[in-house]
Amino acid sequence: MEVIMNTWRFRRQMTQMLTVVLVGGIAFLPPAARAEGITRYIKFSEAQQQMVDLVVHVNRSVIITFDQPLARVSFADPSIAEAVVISPTQLLLNGKEVGASSMLAWSARQPDQPVAFTVRVVADIEPVIEQVRRLFPDESLNITQLGGRVILSGTVSSQEVIERILPLFEGAGVKVVNLTSVPAEAAPAQVMLRVRVAEVNRRVLRDLGATYSLFNPLAPRTQNEAVVGPNVFNSPSARFANRPIGPDFTFSDAVNLFVFNPGTSLGAFIRALKQRNAFRSLAEPNIIVVDGQEASFLAGGEFPFAVVQPSSAGTSITIQFKEFGVRLKFTPHIIGDRIRLELEPEVSALDFSNALQLAGFVVPSLRTRRARTTVELADGQSFALAGLLSNDMTKISSKVPLLGDIPVIGHLFRSQSYIKNETELVFLCTTRLVKPLEPDEVPPLPGVESSSSGGLEGVFGHHVPAAAPQEEAPGTKSQKPEVEGEKPKNEKPKK
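The end of the sequence shown is residue 1118 by this note's numbering, with every number in the run present.
I should point out that these hints are in silico values taken from the structure, not numbers from a laboratory.
The list that follows gives simulated cross-link-like pairs (lysine-lysine, DSSO-like), each with its CA atoms no further than 30 Å apart:
1) K1058 <-> K952
2) K666 <-> K719
3) K719 <-> K798
Please model the entire structure based on the sequences and the hints provided.
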């Protein structure tokens, strides 16, 4: 009997000592790993009917208390969380990494009926949420944590608010799903660039010349002298003599001075150049881009070329493509009421005179003209970017029929001439600040709504009048019902 009592006392002392050691070990854990004071009570009978979700934060602990003694516990993924039995009915659950794992627990009373749990380890974002609420108290922002992700929803005042909130959660190691919306008036500003890419024949322009009064609004001008018209292009030497501009005034300088002069018309200037066959439009794109983002435009094509590559069978030939044509890259920056543009125009053309022979293929080279500049102007202002020159030599042969084909003496009846063609590429650009329209602000298309007179507006702006009333044929009675006591209009009164 004494031996039994001593054995029972020894077991009780060992249980108490083990409990003290476990609790003491928890007390010496780092603050982030200590229990949060959250204790969940779980009944085995209820847990056997429905799977229980257990949520714990990373580097935090939760104490789970059961109504029956535990026999053993098993984790599917020990790297997500771990369980420490601190008493026959209590379990200490420690979160390690963000994720989810299943846990099985066996009761000492029913060892053949395990209970399944889902353990979800999530990041502790409560301090981050409190910081966001403190920094942006006026924002209608909803923050929801779903697994290892944070879902942001609601309406914020500007896109800048979201750009400041996202790094706070990403710094805590949490993936963010942004479902917020920004009001239309607070959306990022957008810039539309209307571009006209043209090629100017400098030889024709040099032959025509230009009056100094076109580009100098301070120069004296007679009353009958038009700013743009048939007399715009005169002999430049006489008009530019003893002038600050001089006879070597190029089209690049002329266009820039002209466009920035508010007293002249750019469209009239271009029409005057077209009438003289000195202006050829290549492309007229309209590009809209968000403030601070890069936009590009390409009018041209792609040419194939062969590339020889080593392979296991020796060498192999693959076909790649290279772009060429007229390209424009620009990045707008809105500074107050002004727009700063970073421009990079480029023009490239195929050059077969410097082509290469590669594996039986002819690979042409590219002649490229490229520039890079930065301009700043107000909304609605225009600017011109020129100076991309190209020089071509054209050979023209003429001969007397039959006589020019006679051997030896045929060259006496033939002549050759060379014409030097100089072309200059010009980018005429107009900037506009734009914003999208609300659905109720979109104007009706022509032909959708009737006009005040009952007709319809045609597709091309013409007016379709309403149908005229039909006249009654002679001898037919009117379909209008007669009113008693009312005399017909054509009936003469009796005398």
